[in-house]
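There are 2 protein chains.
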Amino acid sequence: MCVVGTAGSVKGVTPDELREVGAAVLLANTYHLFLRPGAEVVKQLGGLHRFMGWDGPIVTDSGGFQVFSLGSGLEHGVGKQIGMFPDESSTGRRPRGQAARLVRVDSDGATFTSHIDGSRQRLTPEISIAIQEALGADVALAFDEPTSPLHDADYTRLAMERTHAWARRCLDARTRSDQALYGVVQGGAYSELREDSARFIGALPFEGVAIGGSLGRSKADMHAVLDWSMPHLPEAWPRHLLGIGEPEDLLSCAARGIDQFDCVAPTRLARHGQLYTPCGKMLITRPEFREDARVVQAGCGCYTCATGFSRGYLRHLFVANELLAYTLASLHNLRFILDLMASIRAAIRADSLAELTAEFLARYQPGMPQLAGGQ
Amino acid sequence: MCVVGTAGSVKGVTPDELREVGAAVLLANTYHLFLRPGAEVVKQLGGLHRFMGWDGPIVTDSGGFQVFSLGSGLEHGVGKQIGMFPDESSTGRRPRGQAARLVRVDSDGATFTSHIDGSRQRLTPEISIAIQEALGADVALAFDEPTSPLHDADYTRLAMERTHAWARRCLDARTRSDQALYGVVQGGAYSELREDSARFIGALPFEGVAIGGSLGRSKADMHAVLDWSMPHLPEAWPRHLLGIGEPEDLLSCAARGIDQFDCVAPTRLARHGQLYTPCGKMLITRPEFREDARVVQAGCGCYTCATGFSRGYLRHLFVANELLAYTLASLHNLRFILDLMASIRAAIRADSLAELTAEFLARYQPGMPQLAGGQ
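As they're listed, the protein sequences go chains A and B.
Here our numbering = 1-based position in the first sequence + 663.
Here our numbering = 1-based position in the second sequence + 663.
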């Protein structure tokens, strides 16, 4: 599980705390760092590792998802995560309307409007690779054109073919031998396209692969996309599922051969007061937690629970808008997800992933916070 | 130096980070905790130490300063810190106008309007002590009526006499033998009143003393207030100067016999991107720091500098509104101030405080951030 540090920091969490909570790999967003502070600034400041104070592995995405989510995602009001695009911004706000005008794609690349200052910007496979090489992450991703669930088969095929042509150009553009490059499989929720894309990308000299773009409109669709894609990819490649990371998804997608995930959910949910527990998400701001002296999750080893901060205290911090709320909640959610990933790895080694999944889902209530989460 | 955790947390800093940065004592505000979440909730959650996860000493103030700053402070537009009341809120906003109506003082106590929900609330010496005993800090303060520099001598005398009567009532009201109680000296910037007040408070069975209220309109006034008050206080009492804590003040007031300080400045300035350096405050958001790979202060042992986070990275975090900015900046400023306090203690023991002061002030530019701070 890559912990997401969109703009060069995991919101509200220091690198020391990340290590303490068990984080091993970070993912930073090329789109955000390209626009601010700029790849050359990061390079000047010693590259992404030095910039962020993180000496472990870092992945950068290609920028494609953010660029195209400004266009079709807004146009269609949907995204890969079933119903909405994940919002990477601090504020949770995003412009609405006139979306189609914000990004223009051609065979060479994409021109788009910066969400920060409204300037017109351009990304091509070559520019994306140059940026990612300047940032200096350990793993870079090929520049791709993700589609939304509302794109039809014809457009999805067009975008996939563009993604394939761009994949070759990314491989040609790379100059660093110390940076792995992953190809990205597209093809929406169309079986034929996903199979084609997995075969095409799997035949290129990448070091690994990411599954991107629309994963359909339901968990079943997402599982189908994986089942169509996986058999056509080289056995030895690490397989990254982009932007997915709810607990139930980690279990079901690991069972389908996914090795790596990244998701802003643990930290974003935390900032909205939603805390993972074995029973489901606990909305800590609920009035019933006002005088609750228990920790969020008994036996949890995260700093927040191990220190003994009560649910009542966390609720107070959220209600009073205290910054510490975001840190303490993020540490708990990260630990929960990273512990789950550790359990998944152990279960894979012990050939008991199905048992772990059944055991976990017997208690865990997915979706919005449940009252049951308050137990 | 008490690190201020107004509403039960030091904004953006965990207790572990506080210990790491050298914090020994915290101060929490009775007014804020009384209004939210309420003293009984804190008590129910195990008292302030358990609530905040801090097993070191904690001081609570009496609530008087906040209650009366809603009234006369707003009315006069001034406060003790020469030109403005320190603003304890997260947002930096405060209501303006109609201030005189927000608080009504009588001989028994004060009725005021909550800044949170507009409800009418009341504090008396007995209520303040009951709240502070429920919160359970190690040091409580007697309920007082601070005045502003614009109150005339007659009103300042009236408020001082009320403070004296309330001091006796606080002593009568206390029931906990495990909590120290400090008296508060008032009397504005009037020599006769300060001397009277120090004599009166100094003769009561407190365990220590705080200097409160208006300290005049200049640093010279503040020093005069201390020079008038100190000789009349028991030698053995610890002496706390409330709400003061710029570096130059720590030096000049320690020289006048002050043992304890508290001030929100290190963390508040940090959240506004103002970082202490031996040359003065550095406004880290300035464009010239964009590609500055140096740490804020070479040789500084704080997490931020020791990890090697560059000025360029910190500037980026502030510009991008990343939460980590507030944590990293606060850790630096706290370390700077706590290191200075450690130097002051060492200099007092070595009888070299004057030398330390001269040496410090030869480089340090007080006031607003200087370009020199960028060196």
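Among the clues, some could well be false.
Which copy? The list can't say, so a pair holds if one copy fits it or any two copies do.
[What the hints assert, rightly or not] Straight-line Cα separation of at most 20 Å, EDC-like style, residue types lysine to aspartate or glutamate; simulated pairs:
| no. | residue 1 | residue 2 |
| --- | --- | --- |
| 1 | K882 | E898 |
| 2 | K706 | D922 |
| 3 | K882 | E858 |
| 4 | K706 | E1022 |
| 5 | K882 | D780 |
| 6 | K882 | E855 |
| 7 | K706 | D955 |
| 8 | K706 | E1018 |
| 9 | K882 | D679 |
| 10 | K882 | D718 |
| 11 | K706 | E954 |
| 12 | K706 | D859 |
Since the hints were made in silico from the structure, they are not lab data.
Results for each hint:
Taking CA atoms no more than 20 Å apart as the test, K882 paired with E898 passes in neither setting, with 24 Å inside one copy and 73 Å between copies. In this homomeric assembly, K706 and D922 never come within 20 Å of each other (Cα to Cα): the closest approach is 29 Å inside a single copy and 47 Å across copies. For the homomeric pair K882 and E858, the shortest alpha-carbon distance inside one copy (19 Å) is at most 20 Å, but the shortest distance between copies (76 Å) is not. In this homomeric assembly, K706 and E1022 never come within 20 Å of each other (Cα to Cα): the closest approach is 46 Å inside a single copy and 38 Å across copies.
In this homomeric assembly, K882 and D780 never come within 20 Å of each other (Cα to Cα): the closest approach is 36 Å inside a single copy and 44 Å across copies. For a Cα distance limit of 20 Å, the shortest separation of K882 from E855 inside one copy, 19 Å, qualifies, whereas the shortest one across copies, 78 Å, does not. For a Cα distance limit of 20 Å, the shortest separation of K706 from D955 across copies, 12 Å, qualifies, whereas the shortest one inside one copy, 48 Å, does not. In the homo-oligomer, the alpha carbons of K706 and E1018 never lie at most 20 Å apart, since the shortest distance is 46 Å inside one protomer and 43 Å across protomers.
In this homomeric assembly, K882 and D679 never come within 20 Å of each other (Cα to Cα): the closest approach is 35 Å inside a single copy and 40 Å across copies. In this assembly of identical chains, K882 and D718 lie within 20 Å of each other by CA distance neither inside one copy nor across copies; the values are 35 Å within and 47 Å between. With identical chains, the CA atoms of K706 and E954 are at most 20 Å apart between copies only, with a shortest distance of 9 Å across copies and 49 Å within one. In the homo-oligomer, the alpha carbons of K706 and D859 never lie at most 20 Å apart, since the shortest distance is 37 Å inside one protomer and 64 Å across protomers.
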